[in-house]
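Participant: Next come the chains, spelled out residue by residue.
Protein chains: 2
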Amino acid sequence: MNALKCRLMKLDNFTEIKNLAEHQLSSLCKDVRERILQVLSEKGGHLASNIGSVELTVALHRVFSSPTDKIIFDTSHQTYAHKILTGRNEQFPTIRQYQGLCGFASPKESAHDHFYAGHAGTALSLALGVAHARDLSGSDEYVIAVLGDAAFSCGLTLEALNNIPSSLSRFIIVLNDNNMFISESTGNINECLRNYVKQNKNALEAALKRIMPTKIPDTKISFFEHFGLNYIGIVDGHDVNALADAFNSAKNIQGPVLIHTTTTKGHGMPKAAEDPTLYHGVGCFDVKTGNLHKKAATSLTFPKIFGDYLTKMGQKDPDLVVITPAMPHGACLTDFFDTFPERSFDVGIAEGHAVTFAAGLAYQKKKNVVVSIYATFLQRALDNLFQDICLQELPVLLALDRGGLSPADGSTHHGIYDISFLQAMPGLVIVQPRDGDVLRDLMHSAFSYNRSVAIRYPNQTTHHSTDYTPTYRPLSKGEILKKGSKLAIVSLGHLSTLAFKLAEMLSQKGIDATIVDPIFVKPLDEELFFQLLEDHNHFVTIEEHAVNSGLGSILSFFFAKNQIKDVRLQMFGIPDKFIEHGDYQNLLKEIGLTAPQILEKLDIHEFFDRS
Amino acid sequence: MNALKCRLMKLDNFTEIKNLAEHQLSSLCKDVRERILQVLSEKGGHLASNIGSVELTVALHRVFSSPTDKIIFDTSHQTYAHKILTGRNEQFPTIRQYQGLCGFASPKESAHDHFYAGHAGTALSLALGVAHARDLSGSDEYVIAVLGDAAFSCGLTLEALNNIPSSLSRFIIVLNDNNMFISESTGNINECLRNYVKQNKNALEAALKRIMPTKIPDTKISFFEHFGLNYIGIVDGHDVNALADAFNSAKNIQGPVLIHTTTTKGHGMPKAAEDPTLYHGVGCFDVKTGNLHKKAATSLTFPKIFGDYLTKMGQKDPDLVVITPAMPHGACLTDFFDTFPERSFDVGIAEGHAVTFAAGLAYQKKKNVVVSIYATFLQRALDNLFQDICLQELPVLLALDRGGLSPADGSTHHGIYDISFLQAMPGLVIVQPRDGDVLRDLMHSAFSYNRSVAIRYPNQTTHHSTDYTPTYRPLSKGEILKKGSKLAIVSLGHLSTLAFKLAEMLSQKGIDATIVDPIFVKPLDEELFFQLLEDHNHFVTIEEHAVNSGLGSILSFFFAKNQIKDVRLQMFGIPDKFIEHGDYQNLLKEIGLTAPQILEKLDIHEFFDRS
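Taken in sequence, the protein lines are chains H and A.
Under my numbering, think of the first position of the first sequence as 1, with each following residue one higher.
Under my numbering, think of the first position of the second sequence as 1, with each following residue one higher.
Hints in this document: simulated from the structure, not taken from any laboratory.
Cβ atoms here follow ideal geometry from the backbone N, Cα and C, with glycine treated the same way.
There's no promise every hint is true.
[To be verified] Pairs of lysine-lysine, DSS-like flavour, derived with a Cα cap of 30 angstroms: (1) H:Lys565 / A:Lys577; (2) H:Lys365 / A:Lys565; (3) H:Lys366 / A:Lys108.
[To be verified] Listed next, the stretches of chain H that the computed footprint assigns to chain A, with coverage defined by at least 3 CB atoms under 8 angstroms from CB atoms of chain A: (4) 120-129; (5) 250-264; (6) 271-277; (7) 336-350; (8) 354-360; (9) 379-386.
Construct all of the structure, not just a fragment, from the sequences and the given hints.
Facilitator: Here you go:
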């Protein structure tokens, strides 16, 4: 390992890649892959995509001159080799840790990372902008967009593809085709790619048999030809010299070029190549065997409880259908998908379509539709939610997974802005359960509200009862979890545990705080709050959401609207700045969402003035 | 006209279309077109698209059985003939008027209108959902999506296209190809369509010369083949019998079918066919000559003032570039586009791409980028704004046109939710100018803030000085427009005129109100508000935005955050329900945004208790 570290360290001046002999490139790839595996076996992280794109990355840096040439990675969870090769090998073991390297591209880290890009499908639009700016300014660097096959299921990529001028030169698209989205690949474009790969294989076999191969794939039928692209393919994505050759040829072609290269997600680690979905993102593992270390038995997470109960709902309700934009695994839907394949729709990375498609399925109540979507990705489907679901008054259930901090992923992935736009939608119900039981109550009740319902929950472990029979939760009914007086802590969802800690500390100071779980962010349980106002004059809101546009803001509006003046409202949540990645506890401390920090800021002297 | 009305009235039971002889269909089309022209000449509305799709609509109702068969119109501003033929001929003259027929499809109006669809690109996703629900439920109706060529520039359409199973039957896509977006057509897919049309024309000419035509277009190279679609084309979209034949053939094909039909936007009215952009949406006109009635000279609108000054900025700043998603005409950009074509980008109906593409152009400050986008369509680019602009800290200028009510268009088009999600974005500046001079000040100042700036303004006339030299507006500085005491009216943008009216009424009651223009919704001019709090204890906010998530809500949060308790805040804006179409004055009255209505609700008795 030390020898490896030394070899790679020398590459901190990565321009040396250009000076290596061809046969040395493969050794370099081996070293980089070993480094990734070594570090990830101890720290966890995105595995399969990163070890699958080592040769691709080395070849890019062999042929192009970053950062003058702009290499723009889509989604950018596959940039570990790129980070190692651009001066970040030393820091690489801090990947995804608090104040360490980001698991995605990060312009703050390096001039070689041009854009934040945790949400897939942006690379082509960005690259197109960079290339146009270059041409208007008269410089001549190459602009290279590196995309996976999954990105072509995303409307944003296709909009960009539609906008590439056939005259645009020094514009190179590298299609890293591993025939995998995060889960299984899907869609008609992917089907085209599979055909090209198959034809290519046939042609290779024919060539080996000394039969004259036809030009495969025939460019006349290439999907990409319709977009004015020159097509080079198919290149073996684990042959670093073949890749470098292809990139060099692309440099000399007039007009935009797409290089179609096939890679194996998880290449270089047999277990990961066998099950790339399992090894997409991993915890620690044995670097020799590839066996994942078993986690100590912990409580179940909200997504797991959601997924389990969803299958039960599916068993009772033959009209229940489930849609996911490429997240069956992460959102714990695999059980439902395996049990009810005909009622399961993985639409690819197509969040807008997922929501509008749901509207079609829910039309005239033919189907009871659940759209499972990460809170941060719902940002891509706001207009669809507005026009196709809310305006249409369709009772679709939106399951907003990863609502709250998404700690190790960081700024691109935190689901902390959703309430801001959801609350502006007339008729929409917004709820957040504090534990697995309330989650199941809400799932059980949602369709009976006969309105569109958004259930938001984080990827955190939580309490849940075994053999629980969910009960009906009436619309807009909050709950008092602990009755005190004067001071009421209003906590959103899982932060009720924080509320209890805070109440405990307050009780040590002789203050008997009330704890309220509103459950319904919208419509708010106004009756409950009016009732609380009878013997409380100090409200404290705690939420894992941008504080300026979440529960606290809604409560301040409620008080103002009802001209309630003699009340003190203190609001705790995510401050108005971007929050980076790290472990959950450190992030909570950074943003001030721990009991001691809140206690310190609580304006409670009046309790003592009066005593 | 009476005879025409009678003939059409009989068709209120539109199933009769099925019983007409073939030769009668053309007469029916003529009657419908005449009816549309007659009514629109007196009332205005979407003209060119509607008279261009008469034959298409008649043929659809000839062959399919609505509403059992589901005809789903994309964008749905071309549904006038459909409305006339499905029982709404009598009411047709009320189109786009207050409490009259909606200018788009409206499920509230008729069982033949399935979805609200003012925002383009949703039809295919919706139809796909309806078709899957049908198959899961075992019924056998046809599902027909009717799309323009412009819809294929929209990522949502392409996401849906990627998700059509090749096994899906009784699923028919009608591509109404008029080679026009609202303005000029654009993009690579459109280029493909143009080639097919050209090849088809060549083949027809060859056939006329008795030369054997090749099968045109060769299905092997059809763009749509990649999506598993059967392709029928090209059908003359003004030959109602040819269309009916094509629809009948499509009925019998296994798997999904796309029918490519060409129409002329504005067909049947020479002036409209010549300039379909001008005649896309019109005011009154002479039905015989087609001449548009000249409007009385009025003040300029915010969009016009914006467009004029943008050209001036472009003259001074060679790095200024402008992007629009298909709205150069509506957003008054044509002058800039004509003057600086190389710095003008119309990306088609691709709002997400427009914003992410802007990020690429603005990268490393190579270009000063203006994205002009309607407030309601920005809902399609929230995630792009979040990740690609705000997180990246790029100083892009977003010009949010149609911010506020979009009266005649109605519920799908009001730009009244944008502040809700914009204010959650860290670092973003949100401003709204009260008149044409402040608008130009803000445009002049925006890039110097070195942050992303959203300027929101309505499509209303406003004051502007001629030969005005814009002055620099410091970041976060509001303005007191009239100094009074105790009661402060805080009006957003153009509603300052309403604030002055209200102040005038208050002054008649002996109350000397202050009028404040915050200009900056974010960051709020906190200093100004603290200063106002010294001699004001009653604040009234007035805004053309959803009241629960706009300026009033932001002010309530500000007061709570700063523990300002002895203040009364009354917030007036758009209530939490969907607002339909109508004229501006009636809509304002409906939502209570007129001076007498606000006055009535103002809690001002305290002023008199004290006197």
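Participant: Work down the list of hints and note, for each, if the structure agrees.
Facilitator: Hints versus structure:
{"no.": "1", "hint": "H:Lys565 / A:Lys577", "verdict": "holds, 27 angstroms"}
{"no.": "2", "hint": "H:Lys365 / A:Lys565", "verdict": "violated, 47 angstroms"}
{"no.": "3", "hint": "H:Lys366 / A:Lys108", "verdict": "holds, 19 angstroms"}
{"no.": "4", "hint": "120-129", "verdict": "holds (count 6)"}
{"no.": "5", "hint": "250-264", "verdict": "violated (count 0)"}
{"no.": "6", "hint": "271-277", "verdict": "violated (count 0)"}
{"no.": "7", "hint": "336-350", "verdict": "holds (count 6)"}
{"no.": "8", "hint": "354-360", "verdict": "holds (count 5)"}
{"no.": "9", "hint": "379-386", "verdict": "holds (count 6)"}
Checked against the numbered hints above, the structure violates hints 2, 5 and 6; every other hint is satisfied.
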